[in-house]
Amino acid sequence: MQTRLIAQKAGAVLIALLPAATGFAQDNIATRPTFSSGYRFVEMTGEEIFANVCQGCHMPDASGAAGAGAYPSLIANRNLATSSYAVHLVVNGRRGMPAFGDMMTDGQVAAVVNYLRTHFGNSYTDAVTATEVREARR
Amino acid sequence: MQSEAAVIRRRDLFSLIGAMAGSAAMYHAMTSLGFASESPYKGPMRLEGDPKGASVLILGAGLAGMTAALELRKAGYKVQILEFNNRAGGRNWTLRGGDSFVELGGHKQTCEFDHGLYINPGPWRIPYHHRALLDYCRRLGVALEPFIQLNHNAYLHASRAFDGQPQKIRAIKADFQGQVSELLAKVTQQGKLDEAVSKEDQEILLQALRSWGALDSDYRYNANLGSAEFRGYAREPGGGLSPEPLPSDPVSLSDLLRSRVWRYLQSFARYNFQTTMFQPVGGMDMIGKAFAKEVGDLIRYNAKVTQIQQNDRGVTVSYVDTTNPSTTLHAKADWCICTIPLSILSQIPIDVGSRMQAAIDAVAYAGAVKIGLQFKRRFWEEDEAIYGGISYTDLPIRQIAYPNNGFNRAGRGVLLGAYLFEGANAYEFTAMTPTERIASALEFGSMIHPQYKQEFENGVAVAWHRVPFTLGCSGEWTDEGRAKHYRHLCQIDGRIVLAGEHASDLPAWQEGAILSSLDAIGRLHERVVKT
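Those protein sequence lines, which keep their order, are chains A and B.
Counted from 1, the first sequence has number 40 at position 40 by my numbering; the numbering is strictly sequential.
Counted from 1, the second sequence has number 1457 at position 457 by my numbering; the numbering is strictly sequential.
Possibly wrong hints are sitting among the right ones.
As the list claims (entries may be wrong) - Cβ pair distances, simulated, as ranges:
1) B:1358 x A:40: 50 to 56 Å
2) B:1273 x A:60: 35 to 41 Å
3) B:1483 x A:40: 44 to 50 Å
Claimed, not checked - Derived contacts from chain B toward chain A, CB cut-off under 10 Å, selection only:
4) 1080
5) 1084
6) 1106
7) 1239
8) 1361
9) 1381
10) 1526
11) 1529
Source of the hints: derived by calculation from the structure; they are not laboratory data.
Keep in mind it's a predicted model, so treat the numbers as computed, not measured.
Here a beta-carbon is modelled for each residue, glycine too, at the ideal position from N, C-alpha and C.
Isolated chain B, as found in the complex (with noise of 0.2 Å):
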């Protein structure tokens, strides 16, 4: 923890400096220091010097393999790609009414949305410190809308407290926060913190635990229009003779503890799921879409890389088109930027040394299971007051997610009903057949609510290690695997490098992908323009 007096120190220099320096100066010192700098992106690539001529070909259209492309063609490289699809973005991925896919088993859906309406099976959000991703969708004029992470009227729900009725997570953060204050209050009332915090400091806190936790004069958590104000009223307040407001009841601290809902407020904490984060506005692939403007002429769409080789003079690629797979197909560089997933790559024969090929066969790639419903209404909004967000809960589809746009619209709506990431229940789900999914999705969200049964119109369910151009849904580093294999997977092998959010330490995020791109491409021309 940072000293308030070392704070203070600092920004008397920076003022010290900004006075006599300007503010250049002033941002350069607040870098070095730790301060401005909140991303690796250090802005748009700058390439510098001639590749004379040499060739790329990128495996991959993704937003990796794109993003190599769009920087490696400015800087004066001939690019080309292979792609397995038939379109561009990889994951980067959106499903709308009248879109079909079919998952590894045969499984074939087509999604029946309404137009307008869609769901993201992949990444569907983008922190405001993914600076890269957001720079690239800036330049790209993708459009962006709010994500909301934390909606205070969506629920937490555990299906063995509260007689299983899903809670307001503004009631049970509120509660948290007053429960814990009110313990705290009183302990540093009884002395108990003598020895920890100064007396002047113990006055001090508790001021803050009564304005944080919302206590009341005595320092206590009760039912009152001041908690009320935090977590709710059990009658809201209205206008001229209505009935005047009344406050509503806390959650006890043992029910609070017992329930385990606690657990979820983490997920509005951390660092990559705080307030601002973004959505492209009509879906994710906008961004997809965006890079293939740019960079689509350069790809070969329906082509299954077979086998990469190089030798001291350049690589050669085999590839099939899966249109007509009896042919091998081969394409040529002087240097080759490989994103395909590793859980794909680690099965196709490649020239590298051991010690990358040890790293390629040393990534799992994890379980993620996503549900879109849609529904004759948005009833979350009508009966209930939900706008976009996420409810948490302990049933196996674990989230429902509220779409972020669209706000208080008559007609039908789409929810996410299911997120599964990792863990036991999403081998579970992806074990069943798409039509079991969301007949489960339905069941358990019906729990909390109870419109369901009613409302329910169609869905679509893609579980990830089913999705063919993938084999699952992100790298699944343990901390051994990394300490063990990251650097020699991310080394320059030859003529072959890698890049994908599994070389990068934001897996399963856009940015990673974009950054390990970044990161490969610059070691890679700096190798080019030297030999």
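Just chain A, same shape as in the assembly (with noise of 0.2 Å):
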């Protein structure tokens, strides 16, 4: 896709332009970021998604954060045994959390969910379905 093309022109070697002392310590200089070309996300696996979206509040190990308002962690997290409860969060939003059913397919809210559930010290092994995340629209 085009945007691909972008995106990876927004890597390593840029960074290198940047003087030592904006440097920091928690960088991932291998992590290209991937650029969406409208409203809608292009990234299509979990992982992608995760890494490019979700990790902006939840952070890159899914810890969380806290300020005056909080981001909770999603290690180990028991709310995500019941999977409708993730994808009704994710396509509807709650609180500080924004709705992004208008910005992901049916296949990419089932994609994060599923990527979700099975790592960060999540093991459900029921997969969601790009049906299921249909059904949880109406």
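Build the complex: two chains, separate frames, hints provided.
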């Protein structure tokens, strides 16, 4: 896709342009961000969606963060036991969690929910299908 | 649309009223007919009646909270404010050299901008019709200067059109007007508008199209010195024996349409972006600082609210000092004005009815990212004659905004190298580290300004979902959510009323925060003096 071509240009080479003073220890230079070209996300795999969307708030290790309010940790999170709850949250949002239903396809929602439910100390093997996400939108 | 006849009739009425009753009656008549009134702001607040020593606890020292504090103290209330940050202003915020901040996740950035250079990570422009905010700026002595929304010499850029070359706004605007005018003139002359437009009006329409679209005597939009006055020259006019000016070649209608750069033209047409726009001299936080000069003595900083309780006698707010969070502290008052963003308030236990609670829980917060970049020189001015304004692009950075001050100076300058608001890219940039965001802004920006790589020095990147005191940029209402919840959000619930941009019809604008606050304290005061 055209957006991927753009994404690949903005990679490790560029990091080298930055003066050392602005470097950050936690940076993973190998990670190349993906950029969508419109309102909807182009990332397709659960891993890609997590790394380009979810980790903005839930953080790269899914441990969440706290300021005046908090983003919950998704590590070994029992709320993920019921797949329909996770699907509902991604599609419709709740409180600080934005609704992603309009920005992701059924397949993308299923992919990221399945990724979360099998990573970060979660091991729920009953995978969600795109059809189930479609049902949840109604 | 208003018909000309109706306007003339009204105007006649006004001159009659003006002649007979004088200008005061005239103003009243115009206001009631909807002409002179542009803002819900009715001038400085007058809270009449004795609050009889009533106390108010305000949560949040942003513009909404400090507006309430300023007006309520003046009206005789006992006022205290709890603020999460160690500074006043909230999203009214400016980053300068030496400032540092830590985003959620722990990345600390220290701004390395040169003296006098800054970016406004939050609000950065003030429309002329935001009368309340402008009035507070005047009363608090905040100096303003123009914010340039439309610079004809900035760029519109589409990565897959015009071989990736950025186009001057001037040329795209002229060509769009010119090509549309030529097309409309053609169908007019072919008689295809005969049913819709009278013969007499068609003659006037043709004149208007020639004038507005820079058409030639045959109603064609061509390369000539007439169209060059609109879109610019291939060779600029000079003096003496210098070569004579040459016109530039317009872009074809098809190329224009397919480039889709026309979509950016609305950024200069919409009410909230029309000239004149303003910015405070020296940074947007001059407004927050001016408010804090008035009410700073009422603010307790580093106070993180953990619970909001009320009963029929008063309000008790639990909080911790963020520098010593082990002890829970309490603040009490008769009334509470809560300006805490809903992204945070929805996580705090609060004694309100189910309808207000549902409203608090219903509003998501927009993702937004701003990236400031310092360069060794103001190459956009020196090389490209771009003085202020904004270039728009379909690249993920979306915008490059040029400083609207310090024009034509030697030395360093700071660009806003990216401004993303809502949409996929805002999330993608938020998910990166600050260093990655800056690197991406440089990579994309250099497709518009190749000087980037040579001239870059340092940058800062603020992703609003990672800002600890808001967890997002602003309330992102849907039409459905607003219809269902907005009124419940704004009602006084017992002794608690909410205020802030999220409780306004101007979300994400400072004016919305202030109007919301004035409306809330007006209703609250009415209740207080009645009881």
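Here's how the hints hold up against the structure:
Separated by about 28 Å at the C-beta atoms, residue 1358 of chain B and residue 40 of chain A break the suggested range of 50 to 56 Å. Evaluation of the 35 to 41 Å hint for residue 1273 of chain B and residue 60 of chain A yields a pass: the beta carbon distance comes to about 36 Å. For the hinted restraint 44 to 50 Å between residue 1483 of chain B and residue 40 of chain A, the CB-CB distance of approximately 25 Å leaves it violated. The beta carbon of residue 1080 of chain B comes no nearer than 18 Å to any beta carbon in chain A, farther than 10 Å, and the hint placing it at the interface is violated.
Given the 10 Å rule on beta carbons, the hint for residue 1084 of chain B holds: about 5 Å separates it from the nearest Cβ of chain A. With 10 Å as the threshold, the beta carbon of residue 1106 of chain B comes within range of chain A, its nearest partner Cβ sitting at about 7 Å, so the hint holds. At about 42 Å, the closest approach between the beta carbon of residue 1239 of chain B and any beta carbon in chain A exceeds 10 Å, and the interface hint on this residue is violated. A least Cβ separation of about 5 Å between residue 1361 of chain B and chain A falls short of the 10 Å threshold, and the interface hint therefore holds.
Annotation: residue 1381 of chain B was flagged as interfacial toward chain A, and the flag is violated, the nearest CB pair being 22 Å apart, outside 10 Å. For residue 1526 of chain B, the suggested interface contact is broken, since its CB lies about 31 Å from the closest CB of chain A, more than 10 Å. Given hint, residue 1529 of chain B at the interface with chain A, is violated; its Cβ is 33 Å from that chain's nearest Cβ, farther than 10 Å.
The structure is inconsistent with the numbered hints 1, 3, 4, 7, 9, 10, 11, although it conforms to all the rest.
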